[in-house]
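Peer 1: Since each chain comes alone in its own frame, lean on the hints to assemble the complex.
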Amino acid sequence: MTKELICITCPNSCRISAELGENGTVSVSGNLCPRGEIFASNELTCPKRSLTTTVRTVFGDMPVLPVRTAGEIPKEMIMDAMAVLSGLVIRERVKCGDVVVRSILDTGCDVIATLDL
Amino acid sequence: MKNYDVTVIGGGPGGLAAAISADNAGASTLLIEREARLGGVLKQCIHDGFGVIRFGEKLSGCEYATRLIRELETTGAELMLSTFVSKAEKQRDGYLLTLTSRGGMERVFTKALVLATGCRERTAKQVAIHGTRPAGVFTAGTAQAFLNVRGQMPGKRCVILGSGDIGLIMARRLTLEGARVLGVYEAKPDPSGLMRNISQCLWDFDIPLHLSKTVTTVHGDERVEAVTVAEVDEKMRPIAGTEEYIPCDTLILSVGLIPENELAESLGVPLDKKTKGPFCDQSYMTLVDGVFSCGNTLHVSDLADYVSESGDAAGRRAASYARRERSLLPVNISRDFSYVVPQYLDPEADLSETVFFFRTAAERKKTKLRILLDGVEIKQKQYNGLRPPEMERIPFDLSGAGLTKDSKLELLMEEVRS
Ligand SMILES: Cc1cc2nc3c(=O)[nH]c(=O)nc-3n(C[C@H](O)[C@H](O)[C@H](O)COP(=O)(O)OP(=O)(O)OC[C@H]3O[C@@H](n4cnc5c(N)ncnc54)[C@H](O)[C@@H]3O)c2cc1C
Ligand code: SF4
Numbered sequence: 000m001t002k003e004l005i006c007i008t009c010p011n012s013c014r015i016s017a018e019l020g021e022n023g024t025v026s027v028s029g030n031l032c033p034r035g036e037i038f039a040s041n042e043l044t045c046p047k048r049s050l051t052t053t054v055r056t057v058f059g060d061m062p063v064l065p066v067r068t069a070g071e072i073p074k075e076m077i078m079d080a081m082a083v084l085s086g087l088v089i090r091e092r093v094k095c096g097d098v099v100v101r102s103i104l105d106t107g108c109d110v111i112a113t114l115d116l
Numbered sequence: 000m001k002n003y004d005v006t007v008i009g010g011g012p013g014g015l016a017a018a019i020s021a022d023n024a025g026a027s028t029l030l031i032e033r034e035a036r037l038g039g040v041l042k043q044c045i046h047d048g049f050g051v052i053r054f055g056e057k058l059s060g061c062e063y064a065t066r067l068i069r070e071l072e073t074t075g076a077e078l079m080l081s082t083f084v085s086k087a088e089k090q091r092d093g094y095l096l097t098l099t100s101r102g103g104m105e106r107v108f109t110k111a112l113v114l115a116t117g118c119r120e121r122t123a124k125q126v127a128i129h130g131t132r133p134a135g136v137f138t139a140g141t142a143q144a145f146l147n148v149r150g151q152m153p154g155k156r157c158v159i160l161g162s163g164d165i166g167l168i169m170a171r172r173l174t175l176e177g178a179r180v181l182g183v184y185e186a187k188p189d190p191s192g193l194m195r196n197i198s199q200c201l202w203d204f205d206i207p208l209h210l211s212k213t214v215t216t217v218h219g220d221e222r223v224e225a226v227t228v229a230e231v232d233e234k235m236r237p238i239a240g241t242e243e244y245i246p247c248d249t250l251i252l253s254v255g256l257i258p259e260n261e262l263a264e265s266l267g268v269p270l271d272k273k274t275k276g277p278f279c280d281q282s283y284m285t286l287v288d289g290v291f292s293c294g295n296t297l298h299v300s301d302l303a304d305y306v307s308e309s310g311d312a313a314g315r316r317a318a319s320y321a322r323r324e325r326s327l328l329p330v331n332i333s334r335d336f337s338y339v340v341p342q343y344l345d346p347e348a349d350l351s352e353t354v355f356f357f358r359t360a361a362e363r364k365k366t367k368l369r370i371l372l373d374g375v376e377i378k379q380k381q382y383n384g385l386r387p388p389e390m391e392r393i394p395f396d397l398s399g400a401g402l403t404k405d406s407k408l409e410l411l412m413e414e415v416r417s
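Protein chains in written order, with numbering that gives the first Met the number 0: chain A, 0 to 116; chain B, 0 to 417.
You can trust all of the hints, since none of them are fake.
Each computed DSBU-like pair below joins lysine-lysine, with the alpha-carbon atoms no more than 35 Å apart: (1) K47/A / K380/B; (2) K365/B / K234/B; (3) K57/B / K94/A; (4) K2/A / K367/B; (5) K2/A / K57/B.
Since the hints were derived computationally from the structure, they do not count as laboratory data.
Just chain B, with the same shape it has in the complex (with noise of 0.2 Å):
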């Protein structure tokens, strides 16, 4: 059986990172990728605004992938291509993995694991919409698959449900390609997608954002034949008289992304309700020893830069890691935050590069961010707004302010007043 130090699942932004870092420090590193080619989710993604922040250039998500799959032939790293991690195990001194492939099942063992596996798409079954299920629904991903990489319409008069980014990319490019979009649907009052791509999505092409509106009804047999839309109230409960039916033969939906998780949840890796990944440390290992997680596996980034930065540090750490035990120090949030990564610290581990994410739980003016370690202030940083799409980054390094296991470190927001 073969034997590896690291072994990353997932061939993605975050995946692709992790394997080449590892494999930088030296570590004997396996990639393994389910799909015949490596990019994950990216290889779809045709549009522009991936690699500003890694690369300095404006790049579309194709090229970003092609860049990280470049500099990845030019490591030692092992790649299995269209083979799927079935199981995972652990054992005494490392993870057992099941391998499935064309060409049958293997084992491979591996000292550490890094999951890079991704997310997936909320689907029509996670959303209350009555109503035939006839062709003409797809998911914003799965009608970008169909156009971008087969080259085939999803259909020619298009409603989309929910104002997440993959659904107004669509629109665009649904438009681009010659089809009407009718309108995009958000049930919340506020969109749930980037300005920026409110901006040149939407309004580049006069298509209308209508919030505070969702769908009730799909009409049709076997094609979908229209939509009924619907005003809801706060509780997003449809209010009875505001119906209006809206002849079209496709629904998209892009409604969000839940983290993929079934083999962290697998070797009873404890996940985080709000982020729907596993809680981790500063270095993303998870709170099983010798497990990391990074990427969209461990909560949903906007960007891909970020996916990857995550990976860099999981590749690294596992790289370098040896089983002892850990007492780690939680990152305590108040409730203004919906979440924050990583959720916990590991004070005996390099705290040199420690990157907190955030979002926050409302929309919010002018606001300070402030960290706490017991009781006194050892960060602060000014915001001119916070909206919930928008992932917040902050690199801090820890190294010099005296962490214990017994420390109390806490972040907070404050409202500044102009």
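The following block holds chain A by itself, in its conformation from the complex (with noise of 0.2 Å):
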């Protein structure tokens, strides 16, 4: 079965028409570069996103901090994330880049700031 994909890698978003084969291999077209096959191998395999989102702060001047996942993590755990980031508190000033959650859900990947609090 063909699929229609919009690769999200780089603002080119090329249309990419791929099909997985039968011994797991992946054929694609309309990639104008290889990070589009990636991209449509790990759709059709193990989609995957990156998060970004704010957590909750002590400081009067900034209420919210904004974060982002350090890469990306399987698009099913996008939601269990939420439910982790949404019970934090950041009570320490931290700096653009530090890390807020070390390996969110054992994903390996880190939750950083991305602004200065």
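Peer 2: Shown next as structure tokens:
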């Protein structure tokens, strides 16, 4: 079965047709660069996304701190990761790039601050 | 009175880049921002996708701004925060600016001016919706600031009108935070946001996108209780009998951005009806000598990276600005284009780093773009497809092309049959 995908790796937004072969190989067309192939094969086997959100803080000048996963996590874990982060309160000043959660949900992926607090 | 070579108004990704490059080029530089913090709109853009072009990394808007702010801190550019430029007046050798801040009023003089005041959102007033004006109607940017800066949920059951990128990003954001986004309604037959945002913000979360449908009425006295949506015909008129009543507590409008150009207009800078920003040449100088424009003030970009690119160039060129007569050559475009920036070229100024930005007027399949000089093709580029929401960029070294003030430069599109 062929799947029509939009590559979200870079702003080019290539429209990719991808097909999962019987032996697990993925054939793709429409991608302008090799990263599109990686995206498409992940999409068919184990889709991944980065997560960007905010976490609460105790500081009045910045009640919420923007954060993101330092890499991508499996797409189906996004809502669970949100649940972890919505229970978190930042009590110390941090800098842009500092780790606020190490390896969220054991994905190996840290959650980092994206602004100076 | 303080005196500068270059003053940049606006501390978003356009103005930050302009101030950095003007300072690097040796000009005495002042950057003025009306808010308490630098970063412009990027302060509330917590999502990623920024910086792929400029930094080769996928950053959030906040991180992108932080990088530029750190870079600015290494320069000698002077900074005035919480300061509003309330007036700009032309004088013989430059511009006199009136600044308002908590400390009172102040004046500064500058030889060259870079306008980097960004854009604002179209509001409910600019789209025809009937009914009351209860609480719970937000522009997408206001909802974004509520949630991402103040940490407050705008509502629980949301309808989004317009498929602009900020609305798509907010559809995902609200869903992540536990709200129900009932649907995104777009009056046009095609989505106006980028395909990647349709994919990662709507499809990923099973949020329906309804094309050729619009919100006709808002219901509710104090708070939004429901909206009526209806199909529209090709003239965007609602079709009787297609109405649907949708209970919700929030309506979010994502119906487009308009460049902010009050200061430019007060200086008599002519604006392009299409871009709603100033006409400019390849140095980003407007038709008023010494006034430069960059970023979303000039034309609304899809990428902050392009905004900063125009800031880099505007700041550098403003730093070397010296008064002289310009004879500008118009860049002619066929009707297939929505617009091109720059709209003019100055044959006497550096043409080596000319960059054309354009949008197509309508969605197109395989297309060849051709640039003709006096009827002879000097460049062509092929596109697999062109869509109005996607801005295209063509860097083109025109320094050896032999342009004079009497040349004729044209941009054309041709269909490519496969
Ligand atoms: C709500 C919203 C969300 C957006 N989301 C995205 C996105 O997700 N991705 C993306 O690439 N683009 C997004 N954009 C477009 C975004 O505006 C640009 O990418 C980029 O931020 C524009 O940069 P800029 O420097 O031109 O303007 P801005 O970032 O708007 O900066 C302009 C600055 O000028 C200041 N200013 C204005 N007038 C004056 C004055 N008279 N005196 C002093 N200071 C003044 C303002 O306070 C502001 O800080 C969004 C735009 C809006 C409105
Ligand atoms: S395939 Fe390559 S060029 Fe196309 S969107 Fe993906 S990363 Fe970008």
